[in-house]
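So the protein lines, in turn, are chains A and D.
Quick note: the first sequence uses numbering that gives the first Met the number 0, first residue 0, plus one each step.
Quick note: the second sequence uses numbering that gives the first Met the number 0, first residue 0, plus one each step.
Keep in mind the hints are simulated off the structure, nothing from the lab.
One thing to keep in mind: the hints can contain errors.
Some residues of chain A that are not near chain D, with every Cβ distance over 12 Å (derived) [stated by the list, open to error]:
| hint | residue |
| --- | --- |
| 1 | Ile4 |
| 2 | Trp20 |
| 3 | His84 |
Listed next, the stretches of chain D that the computed footprint assigns to chain A, with coverage defined by at least 3 CB atoms under 8 Å from CB atoms of chain A [as the list claims (entries may be wrong)]:
| hint | stretch |
| --- | --- |
| 4 | 72-80 |
| 5 | 83-95 |
| 6 | 213-225 |
For every residue, glycine included, the Cβ atom is placed at its ideal position computed from N, Cα and C.
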Amino acid sequence: MCSYIVEKAKVTGSAKGARGWMRIDTAHVYYDHPYHAPLDHALAIDFTCEADGGRERVAVELSRESALALMQAITAALASGEAAHRAPADAERPLLVASEEVARLF
Amino acid sequence: MSYQGLIAETVAFRGHNGDTGEAYYARPMGSGPFPGVVLIHHMPGWDEWICEATRKLAHHGFATLAPHLYFREGPGSPDDVGARVRAAGGVADDQVVGDARGAAAFLRAQPHANGKVGVIGFCSGGRHAFLVACRAPEFDALVDCWGGNVVVDDPKLLNAKRPVAPIDLADGIRCPILGLFGNDDENPNRDQVNRTEAVLKKLGKTYEFHRYDNAGHAFFNTSRTAYRAEQAADGWAKTFAFFHKHLG
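Between the sequences and the hints, there should be enough to build the whole structure, so can you do that?
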């Protein structure tokens, strides 16, 4: 079906399109007939900056299955990224262990 | 009869509120006279397939004008402009009707015109074409290709831009109607097409509806996975015959 249904999300970040990097503040998300992807329906995401007039966008069109897989990948990336960038108290311990190991050598 | 020689170009036309916009204009070569057709584009916008459909009608003898309904959005590729219009909730019905009437006036003013003008639309353009026929008595034939939301079951879909369901204005149609629909389409679905037909029958309108099995939305569109060659060929043949019968 063709509809005007668009979910809008406020975002903070940047996107890289044909003209290079641009700041973005909005994501328009909709499930409808795609423009380019060879699918009957696609989950489309348009990243744009409404504060700058909203005339440029970085667009993706995904199959429904891909969109669901992407959601899982986003959740996993956030979790693993947060784990890799743990608080300083945990980060100090490996350094102390390394110091002791060095001291034993001498 | 088909016309291998044709001229296709982008022209200026005066639309709603006298705004000057752009339109894709294709007509057969020769002195004519030729009937005119206003082609109303689908929601994705004024794109390559719409230009192809415009040329196809010209090939079959119709001076066809496809106004760019989103011209007020400014320059940009059709998909980018279409995306902006989608995010803004579409274009207003009053504006589309005004632009279509301006397009019809353009066609009638051409030296090779025979004075008759039909309207055809695809997808949201089908709904727009139906609406135009409801509100503009100067059109001589209507072809509605799978226009969704002619019947509106959810009142929340009505808003300031689209305040009235076109079916509620159907009594205003003064011209014969051809409707082409895929039975697998979800908008309009079979029930909605049946209800549209029931209203037209009750109002005593001149119409013919054709429903195609194994076809869904946009089955004419060669650039979509929805394209169905056999059904599209039949639908186009019915369109040309219908327009020739009522426009000349």
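Checklist entry - Looking back at the hints listed earlier, which ones does the structure fail to meet? => result Hint check: 1 fails alone, others pass.
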